[in-house]
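Those protein sequences? They're chains A and B, same order as listed.
Oh and the first sequence: position 120 is 120 in the working numbering, straight run, nothing missing.
Oh and the second sequence: position 257 is 257 in the working numbering, straight run, nothing missing.
Everything labelled a hint here was simulated from the structure, so no lab data went into it.
Just so we're clear, the structure is a prediction, and the values are computed from it rather than from any experiment.
One or more of the hints may lead you astray.
The list treats identical chains as one, so a pair stands whether inside a single copy or across any two.
[As the list claims (entries may be wrong)] For lysine to aspartate or glutamate, the following EDC-like pairs were computed, each having C-alpha atoms within a straight-line distance of at most 16 Å:
(1) K510 with D545
(2) K261 with D240
(3) K547 with D573
(4) K163 with D96
(5) K484 with E205
(6) K327 with E251
(7) K614 with D573
(8) K515 with D608
(9) K601 with E491
(10) K327 with D587
(11) K327 with E165
2 protein chains.
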Amino acid sequence: MKKKLLSMFIAASMSYTAAFANAEYLNPNYKVKVLNSINSSKDVKKLSKSQLNDLADDLRYGILNRANTVGGHLGPDLGFVEPTIAMHYVFNSPQDRIIFDVSHQIYPHKMLTGRKDGFLNPINKNISGYSNQDESEHDFFKVGHTSTSLSLATGVAKARDLKGEKYNVIAVIGDGSLSGGEALEGLSNGAVLGSNFIAIVNDNEMAIAEDHGGLYNALKELRESNGKSSNNIFKALGYDYYYLDDGNNIEELIKLFQKVKDTQKPTVVHLHTLKGMGYEPAVEHKEQYHWQMPGFLNQKDSSPAQSGENYNTITTNYLLNKLKTNKNLLVVSAATPSATGLTPDVRPLFGKNYVDVGIAEQQAAGFVSGAAENGATPVWEVMSSFVQRTYDQLSQDIALNNNPATILVFAGGIYSADMTHLGIFDIPLISNIPNIVYLSPTTKEEYLHMLDWATTQKQHPVAIRVPAGAVVSTGEKDTTDYSKLNKFKVEATGQDVAIIAAGDFYQLGKQVKDKLAQQGITATLINPVYLTGLDEELLNNLKADHKVVVTLESGVLDGGFGEKIARFYGNSDMKVLNYGAKKEFTDRVSTDELYTRYRLKPELIVEDINKVLK
Amino acid sequence: MKKKLLSMFIAASMSYTAAFANAEYLNPNYKVKVLNSINSSKDVKKLSKSQLNDLADDLRYGILNRANTVGGHLGPDLGFVEPTIAMHYVFNSPQDRIIFDVSHQIYPHKMLTGRKDGFLNPINKNISGYSNQDESEHDFFKVGHTSTSLSLATGVAKARDLKGEKYNVIAVIGDGSLSGGEALEGLSNGAVLGSNFIAIVNDNEMAIAEDHGGLYNALKELRESNGKSSNNIFKALGYDYYYLDDGNNIEELIKLFQKVKDTQKPTVVHLHTLKGMGYEPAVEHKEQYHWQMPGFLNQKDSSPAQSGENYNTITTNYLLNKLKTNKNLLVVSAATPSATGLTPDVRPLFGKNYVDVGIAEQQAAGFVSGAAENGATPVWEVMSSFVQRTYDQLSQDIALNNNPATILVFAGGIYSADMTHLGIFDIPLISNIPNIVYLSPTTKEEYLHMLDWATTQKQHPVAIRVPAGAVVSTGEKDTTDYSKLNKFKVEATGQDVAIIAAGDFYQLGKQVKDKLAQQGITATLINPVYLTGLDEELLNNLKADHKVVVTLESGVLDGGFGEKIARFYGNSDMKVLNYGAKKEFTDRVSTDELYTRYRLKPELIVEDINKVLK
C-alpha cells in the first residue's frame, strides 16, 4: 500500500516535471491572464475553474520573474501556489486571518493581495520578500525567522475569543519550520485553545536543505500512508487531522478548506506539496533553488558562483582536513548548511561526523554542549541572525558548563539586509554571557589559527565571528597563543590616538590610521581579538601618551564591545569614541547609507577625532 | 476501560496517602536503614527487595529533612524515589550516563551517589540542589533551567557513537519540562540518532503548577489507556514506547528498565508517578509543596507566608482590578504563576483571561505578541532568569512588530542564588533590543502608574522590571507621562556628583547622596526610569557643573545600562563610574558578599567618588 502510493506520487511528480518544460509562463514575454483583476480573496472567489488554473500560471510567472530580477525565494513559493489560491477562494482574507511562518512561501499571497506589481515589475515596485503588515492589511506580522506562526496565531485567536469575534485564524507553516521549538510549543498550545484554530502544514519534504529529525519521519509516515497511519503526532496532541496527498490540486484543496472552514476544533491540514513545482530545475535541485540570485533563468548552471576563496570554503576545507586527524570532529548545522559552506557536495564527505539537527537552534546548542562534555570536538556553524534563537542554551547548556564547543557565527556585521535578518546583534548576545570566549579574527591566517585553538583546547566554549567581508590574507602563519585570554594585539604603535578595530572593521581602522597620518598624527592600531574581555594592562598603558581611544565594531553599539572600553576609561581622562550601528531595525537600507548614518567612514571618524583632540 | 483504570489509580493513590500518615521516616529521629552503605549504582545492586524498600524510606527521610532544614524541592523528588532506585539497580552509573532535566527530581540520585550527607546533615554539608558535575562523577551537567536534558543527551550519545563506545545514555525528564521548545527539538532529534538513547518521562501530571497544553492531554490519554492509546506522540516520532502506570513500584520499574537496557533503538519509558508520594500534604497540595521553605514540617499551614504587601500581591490586585474595566486583559504565565503572585487561589478569579502556556517561554512571547496585535491587552509575568529562554521571540515576534504587549520581569537583581537561577542578565538581554521600552520603577506608586501606561498605550512593547526588594511607597500618586520616552527624573539637584540610580538601587543612590552630604557634597540624584534609552538633554546639561556621574544598576554591568552612560560621555570630560555585577556565574554566594565584591555599599562608592574628584 505504502509502496504503491509512493510510486504513484513519483510518477505524478515526474509527469509534472515533464509538463513544466514548455510551460507558457516560462516565456519572458508572458502576459498575465487573470492576475490583474485580483486584489484580495473576494476577487479570487469570482473565478471559474479554468481561470483558477490560469491564475496559478500567472503566479508562477510572478515568482520566477521576481526572483530572476531581484533574487528571492523560489522553490517554496512555487510549491505553494495552489494552496494559496484555494485559501483565498475559501477564506475571507483579511477578516479570516492567514498568518504565515517565515515567509518563504508568501509570494503567491502577496500577489493576490494587492502587491502583484512587486512581482510583475519588481524593479519599479520594491515589495519586501517577507510578511509585513505595513504593506497590506492581509499581513499581520513582520516575519522572517521560522517557527513563529503557530504561537502568533494562538495569540490572535485568543484575542478574537476574548473580544467575542468570529472568524478563522489560520497559521501556514512548512518548509522545515515545524521542528523549531517555538512551533512545537505553539502546536501544543493551539490544541487547547478550545476554539477555531487551523494549522496548514505545507509538507514539501524539505527544509532549506533536507528536513531532519523524528518529526519529519513522522510526516513521511503520514505521507506514505496517505494520512492514515495511526502514528499521528497531530492527533496525539488533540487535533482534528486532514491529509491531502496532491497538495497542488486546486479543486481538492478547495474542497478540503471548505470542510475545515469555521470549525471550532483545533485542526491540522497536512498538505503534501512539491517544492519547486512548475519549474523543472527547482524540482530537481530543491536546495539550490530554495532561493536564487538574479539572472538564474539565463544561466546554464545556477549553483551559487564560488569565484575564488571565501570564508565559507576556507571553513569547509579546514574542517575536512581536521577530520583526517580527529575522528571525533562533529560538524553541526541547524538547517542552514549551504549558507555557511556546507553545500550538498561536501556534506557527504563528513559522513557521520556531520549532523543537521533541522531548524532547531536550541537543540544545536544543547547537542554540541553534550558532545563536548563527552569528549567529541563539536563545531556548530550558525548565522548571526539565527544564533539569537538560542540565548538561554548558550548561557545555561554551554557557558555555565564551560563545555569546549566551538560556535562559528557567520554573516555578523553591518550591511544591507531585510529587517528580519540583521547581523548586528550577536556581539551583545554572546559577549555578555560569562565563560564564553568570543573571538573576532581579522585575517584568514588568524581565523585558521583560532580554529586550531578552539578545537583543541578543553577550557572554554569558543565562538568565532567569521569575517563577513572579503578574505584578507597576510600570507604569514599566525602563531598567537589564544589561551592567554583577552590579550589584544598592538599592530602599530603611535601616540595621542589609539584605534581598537575589531574583525571586519580592522581594515577601516587601518584607513583611519592612514588618514590621521596625513595630518601628522601617528596612531596606535590595535586588533582586540577578543570581544568578551579587556586587555586591562594595555588599556592602562595607553593612558600615558594617548588622549583618545576609538573603537570600531561591525555590530550594534548598545551592549557591544566598545561600551566596555568606555566603561573601563570612565574614571580616567581618556576620551573614548565608539563606532558601530545604532540600536534599530533597519530594513533593506543600503550598506553605504548605513555607513554614512553611523559615521563608519575614515573621513567622518577623523573629523570626530579632531574635534576631541582640540 | 479508561474509567476503570482511572478509578483504580485514584483508589491506589488514596491508599498511598493514607499509608503515609504514620510513615516512620516522618519521625525526626528516624535513623536511616541502608543508605549509609550506598555510594553508587553497584551498592544498590546488592540490596534485597526489602532493603530496596527500606532505601526508599531512607531517601524520603533525606528529602524531607533537607527541605525542612534548608528549603528545597519536595514533591517532584518524593515522587521519583522508586524510579531512581530502580535506575541505579539496573544501570551502571556513571558508565551508563543518567542526565537529569532541570534537577527538580535529582535529590534521590544525589543521595545514592555519594552525597547523602547533604540530605541527612544539610546544615554541615552544603550540597547544591541541582545537577552538578563538580560534585560527583555521576552528574554530567550543571542544570537548573528546564527542558535541556534530551538535547544534552543527544550530544552525549553522539559523542559516544563517534568514539565507538558502548553504554546507555538516559535522559530523565518530567515535571512539566517536556513542553519546552528545546525538549521537543531534542525529542525529535533523539529519535534519529540510530543508537541507544533512552528518555525516561516522569509523568506526575504536573508542572510546578498544573501542566498545560496539548502535549499534556496526550500524556493523559496515554495514562488513561494504560499506554495503549493509538494517539502516541512518542511512537509518532519513531520511539519504542513503554508505559508503567505504577511508576512508584520498584519491582516493576526494575523489570522495565532491564527490558530497555542496552537497546539500540530510541526508547521512551513513560512512568506515571505520584508527585509528593510519601508525604500526605505534598500529595494533597502538589503545587504548594513543589518547593518548600525550611520549617514547613512543623507548620500547620505551610502556604508561603504573605506577611503584608509585596510586589506580587500588588501586581495581582492591580490586574484583578483592571479586569473590571478591560475584558480583553490577558494575563499569561509560562508555568511559574505562584512565583509572580498568581497563586492557585487567585488564578480562578481571572477566568478565561488567564492562560498558563506551560513551560514554553517562546510560546508565551509569541502568544502575547499575537494577542496584542489583535487588540487584547496581554500582560506576561516572567522571572528574570527565565525570560532568557526567549530572546529571539522578544526581538522578532514582539519588538520588530512593535506590538504593545506588557512583560513584567520579576526577581531581576543581584542577590544570593544558585548559579542556574541568577537574575542579573535581563537588562543586557532586553535593553539592547530595538523598540522595547524597559522601565525600572523605584516605588509602588511608579510601578502602578507604569502598569497603567503600559496596558493602555498602543505604541510599544513595554517591559517592567518589577522591584525585587522590599516595597517602597511614597504615598503620593505618580502622574508621570511615560509616553515621553527616556525622560529621566531628577529627584534632587546638586553639583559635582550626579548619581543615576535605577530601580531597586535607587535607595542605594539615596544613601550615597546622604553620605556625600556628610562631607559637604550636594549630589544630584536621578531616577532614570528607562533602561532602554538615554535622556541626552539632561546628560548634556550635567556637563556644566558636574564632574562625575555614578550609575547604579542591580544587574550585570556588561551590556547593561551604565555602559550606555559611559559611552555617551566618552567624548567629554565627564568621569563615569558604573556599579553593578561582574560578568560571572556566582553560585549561592551571599548577597552581602556580592555587594562587597562589587562595591555596592555607600561607603565604598563614596571612596571611589573621592578618588575621582581629587
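Cα distance capped at 16 Å. Does K614 pair with D573 within a copy, between copies, both, or neither?
So K614 and D573 pass the 16 Å test inside a copy (14 Å) and across (13 Å) alike.
With identical chains, the pair K510 and D545 could be close in the same copy or across copies; at 16 Å between alpha carbons, which is it: within, between, both, or neither?
Close neither inside one copy (20 Å) nor across copies (38 Å); limit 16 Å.
When no copy is named, should K601 and E491 be tagged within, between, both, or neither for a Cα gap of at most 16 Å?
The answer is neither: 20 Å in one copy and 41 Å across copies each exceed 16 Å.
Treating 16 Å as the Cα threshold, decide for K327 and D587: within, between, both or neither.
The answer is neither: 43 Å in one copy and 36 Å across copies each exceed 16 Å.
Please sort K261 with D240 into within, between, both or neither, judging by C-alpha distance up to 16 Å.
For K261 and D240, the Cα distance is within 16 Å only inside one copy (13 Å; across copies 36 Å).
Is it within, between, both or neither when you check K515 against D608 at 16 Å Cα-Cα?
within (13 Å within a copy, 39 Å between copies)
My question is about K163 and D96: at a cut-off of 16 Å on alpha-carbon distance, are they close within one copy, between copies, both, or neither?
Only inside one copy: K163 and D96 sit 15 Å apart there, 54 Å across copies, limit 16 Å.
Check K327 against E251 for me: Cα-Cα at most 16 Å, and say if that holds within a copy, between copies, both or neither.
The answer is neither: 53 Å in one copy and 42 Å across copies each exceed 16 Å.
Within, between, both or neither: K327, E165 at alpha-carbon 16 Å
between (60 Å within a copy, 13 Å between copies)
Quick one: K484 to E205, C-alpha cut-off 16 Å, is that within a copy, between copies, both, or neither?
Classified as neither: same-chain Cα gap 47 Å, cross-chain 50 Å, threshold 16 Å.
At most 16 Å between alpha carbons: which applies to K547 and D573, within, between, both or neither?
both (8 Å within a copy, 11 Å between copies)
In terms of the numbered hints stated before, the structure departs from hints 1, 5, 6, 9, 10, listed from lowest to highest.
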